[in-house]
Every structure is written in structure tokens, then in C-alpha cells.
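Asker: Chains as they are written, first to last, in this note's numbering: chain H, 1 to 159; chain F, 1 to 271.
Take these hints with a grain of salt, some might be off.
Not everything, but these chain H residues come out facing chain F in the computed CB check (under 10 Å) [to be verified]:
id: 1; residue: Thr29
id: 2; residue: Val56
id: 3; residue: Cys59
id: 4; residue: Asn132
id: 5; residue: Gly140
Calculated from the structure, these hints are not laboratory results. Here a beta-carbon is modelled for each residue, glycine too, at the ideal position from N, C-alpha and C.
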Amino acid sequence: MQLTLHVNGADHAIDVDDRTSLLDALRDTLGLKGTHAGCEHGVCGTCTVLLNGEPVRSCLMLAAQAEGEVVTTIEGVTPAPGELSVVQDSFVETHGMQCGYCTPGMVLTAHALLRANPAPSRAEIVEAISGNLCRCTGYGQIVEAIELAAQRLARSNTP
Amino acid sequence: MAQALAWMAADPDARLLAGGQTLMPMLAMRLVRPSKLIDIARIPGLDRLEIAADRVELGATLRQVAVERSAALAEAVPLLAKAIRFVGHPPTRRRGTVGGSLANADPAAELALVAVTLGAELLLHDGSAVAAVDFFLAPMTTALPEGAMLTGLRIARQSAPRRGTGFREVAMRAGDYALASAACEVTLDAAGRCASLRLGIGGATPVPTLLPLAALLGTSLTEAKPAIAAALAPLEMMSDGNAGAAYRRRAAQALAEQVLADALAEAMRCN
Numbered sequence: 001m002q003l004t005l006h007v008n009g010a011d012h013a014i015d016v017d018d019r020t021s022l023l024d025a026l027r028d029t030l031g032l033k034g035t036h037a038g039c040e041h042g043v044c045g046t047c048t049v050l051l052n053g054e055p056v057r058s059c060l061m062l063a064a065q066a067e068g069e070v071v072t073t074i075e076g077v078t079p080a081p082g083e084l085s086v087v088q089d090s091f092v093e094t095h096g097m098q099c100g101y102c103t104p105g106m107v108l109t110a111h112a113l114l115r116a117n118p119a120p121s122r123a124e125i126v127e128a129i130s131g132n133l134c135r136c137t138g139y140g141q142i143v144e145a146i147e148l149a150a151q152r153l154a155r156s157n158t159p
Numbered sequence: 001m002a003q004a005l006a007w008m009a010a011d012p013d014a015r016l017l018a019g020g021q022t023l024m025p026m027l028a029m030r031l032v033r034p035s036k037l038i039d040i041a042r043i044p045g046l047d048r049l050e051i052a053a054d055r056v057e058l059g060a061t062l063r064q065v066a067v068e069r070s071a072a073l074a075e076a077v078p079l080l081a082k083a084i085r086f087v088g089h090p091p092t093r094r095r096g097t098v099g100g101s102l103a104n105a106d107p108a109a110e111l112a113l114v115a116v117t118l119g120a121e122l123l124l125h126d127g128s129a130v131a132a133v134d135f136f137l138a139p140m141t142t143a144l145p146e147g148a149m150l151t152g153l154r155i156a157r158q159s160a161p162r163r164g165t166g167f168r169e170v171a172m173r174a175g176d177y178a179l180a181s182a183a184c185e186v187t188l189d190a191a192g193r194c195a196s197l198r199l200g201i202g203g204a205t206p207v208p209t210l211l212p213l214a215a216l217l218g219t220s221l222t223e224a225k226p227a228i229a230a231a232l233a234p235l236e237m238m239s240d241g242n243a244g245a246a247y248r249r250r251a252a253q254a255l256a257e258q259v260l261a262d263a264l265a266e267a268m269r270c271n
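Modelling step: build the complete structure from the supplied sequences, incorporating the hints.
Answerer: And the structure:
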């Protein structure tokens, strides 16, 4: 099946099997390995990507269903090669990651949350990441990371 | 839609794909191997949301997130707004659809419970409608005929001024499948007595079930416990590795009492 996927700002013409998941198309066809394959049946959330700016599970979508939509993966949130986004920086600083497996899903979810809600409450952060499992029990620092990113983004355009 | 129906008619092993939040995991685990997948998400108008004076209609492919974000819908059908936040997690609500959840008929599905509780109707492609109470036959089994497509959900609006609703569930963690759930809509007359009462149980029973509580009409609803217990007594409760039937019966009783109290308190605040 011939498809054009719009990923991280560029169009990619690909040829995949009809039932290729978006996850597999991103990882195996486009080589974007930052999107992690975890449970592959919609439970863990590590395969989260942004579809038109909102988090979805890429293992629960066919690549064909993403045609015509704007897809953002973890590779697409950095401001420039070699740099980290404010959210990624905050995860580093608060130790919001240990093994790193859940991290791309958590970071993308945080990006989407902070775009829609620049000053989320702790409860809103917890609700936003409720579909993303972390097995290093790092939720405390992950919530802290998102709180820190919110504070920094709030000040980023003020003198 | 005509094309999708023709494909279904030509191939009994074809399956409709809406939001994919249940069917895609089933495909991943090889629990189903349909010959064809017919993606209905882009059928024009099938994702409609119509809010009229006397009813609302939700198209089958309306995303659950659209239900969650519609203030007008929350005002028209408050019980739906309370229940939708228990449906999966934000990313699954972004893709999951109203019709997909209803047609899937998981016993724990919140939307199915709301449909049964509010006496909603499920709309089919041929213009016919099936009452929600007749639609859900058994876990994952509906009255949808072979080759038919569910196209929407119609809910009559409750116009009584003194109205209250409640929705609660227990699950292993927030967003997981409900072990038991309860939904309630109550209206009061001018004297504060119960004018109408609809209370449904989900998760615990094989299909969402409306409790027969006519004995409580005209009362102040403060002594509902025995009537709820009597209504639950003949119902079959499910049992699985997460919770046994006795636990589910206790949870259903407690949740039913709580949602009734929630709905009553809300109705009493209306003047």
C-alpha cells in the first residue's frame, strides 16, 4: 500500500503492508526508533505519538489511518539537532527518567498537555499521563519534570 | 457508507474499524483475523453531534474526546459528561469512538451503561432504532444484525428543572475496566419527592442493567438501600480473576447508593 505520511514536518512516501501499524511504519520504514514498541496492544503508552498535536497510541492505529494527519514523534520535538526541548531538559534535571523506556511517550504527552494547558495542576498532570506506564516507579519525578517545564515555559517569553 | 455496507455484504468475515482501541489490540494478539478491515472513520457525517431541544444524537464515529469537550452536550446530557471521563485514558479517548464502544459491548463500557440508564436508542444504517436495553445481549454480543452498521446514539433530553445525575465506578486503577459501575438520573417534584428515577449497573453484570426501582417513586429517596438490594438480588454477577461475584454485588450495592445520593444532592440544589 502506497502512503504519504506527514511526520515531523516532512512528507514521506512509503510502501507498507495494508495492516502495518503506525508504530511499525515509524520505526521500521522511517527509522524513527525513538517511538518505543512496548506492549503493542494499547496498554503501556510508550508508543505515544502526537496526531494533530494530541497524544495517541501508534500501536493502535494503522499507518493508513494516519494519512492526511500531522504526526509528531519524539524526534520532532527538539528545537535543533543536538538540542533538547524545555520539557526534555526538565526530565533530565528532575531525574524524570530511569531506564528511559516510557520517556518518549511521557515527553510527548507533556508537550501536548502544556500546549493545551500551560499551567496544569498536579491532578491534571496525573490525568494526562494516566495512560503511560512507568515501571521504574518514577512517576514522582515525572510529575515534577512537567511542573518544572510549565514554570520555565511560563517565564520563557517574559523579560 | 453504501460502499462500506456493500463490502460487508460481500464478505461475512470483514470487520468494521472505527477508533480501533479494542479491535487493534485484538488484531495484535491474533484473537481475530478478519479478511477485510473497513475503516469507517472517514465516512462523511458519521461523526455528527446534534443537540436539539428534545434530544441529542451522537454519530457512531464521533470521537470520545469530542463528547468530553462539548460544553453544550454536558449541559444537555450531564450524565454523559460525568461518565466519559472514566472511558479509558486521554489518548484512547482521542481515537476511541462512541459507536465503537457501543458495538463492542464490553460489560464494563461506560457509554453502554449511560445508554441503558437513560433509555437511549441505538440507530442503524437503515433508519431503524433499537432500544439500548434490547441492544446489549451478553458480553461482547449485541442485537446488531449481520451486515448492519451502527450509525449513532439518540438520547432524549430530560426537561425537568430539578434534576440530578451521578456516575461512579471501581477499577483496579483509574481508566482500567470497571469491576462495577453505577449511573443514575433522578428528577424531583416541587415538594422534593422523586418524580422519576433511572439507575443502571455496569461492569458487575454481563450487560448494563437498569434496576427496577419504581417503588421509590414519590418517596424522598432517603431510604433506598433495601430497594436497591432487592433489585440487585436476582441479577447474575460476573466473576473473574480481578473480582468475584460477591465482591461485585457489594460494590454494585455501594455504588448504586452513592450515585443515587450524588444525584439527589444535585437535584436538591436546583431551584
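Asker: Regarding the hint that cysteine 59/H lies at the interface with chain F, is the smallest CB-CB distance below 10 Å?
Answerer: Since chain F brings a Cβ to about 7 Å from cysteine 59/H, closer than 10 Å, the hint holds.
Asker: Against chain F, with CB atoms and a cut of 10 Å, does the hint on threonine 29/H hold up?
Answerer: violated, 18 Å
Asker: Tell me if glycine 140/H is really an interface residue toward chain F, meaning its C-beta lies closer than 10 Å to one of theirs.
Answerer: violated, 16 Å
Asker: Under the criterion of a CB-CB separation shorter than 10 Å, is asparagine 132/H in contact with chain F as hinted?
Answerer: holds, 8 Å
Asker: Given valine 56/H as an interface hint, is its Cβ closer than 10 Å to any Cβ of chain F?
Answerer: holds, 5 Å
In this structure, the earlier hints numbered 1, 5 are contradicted, and the remaining ones agree with it.
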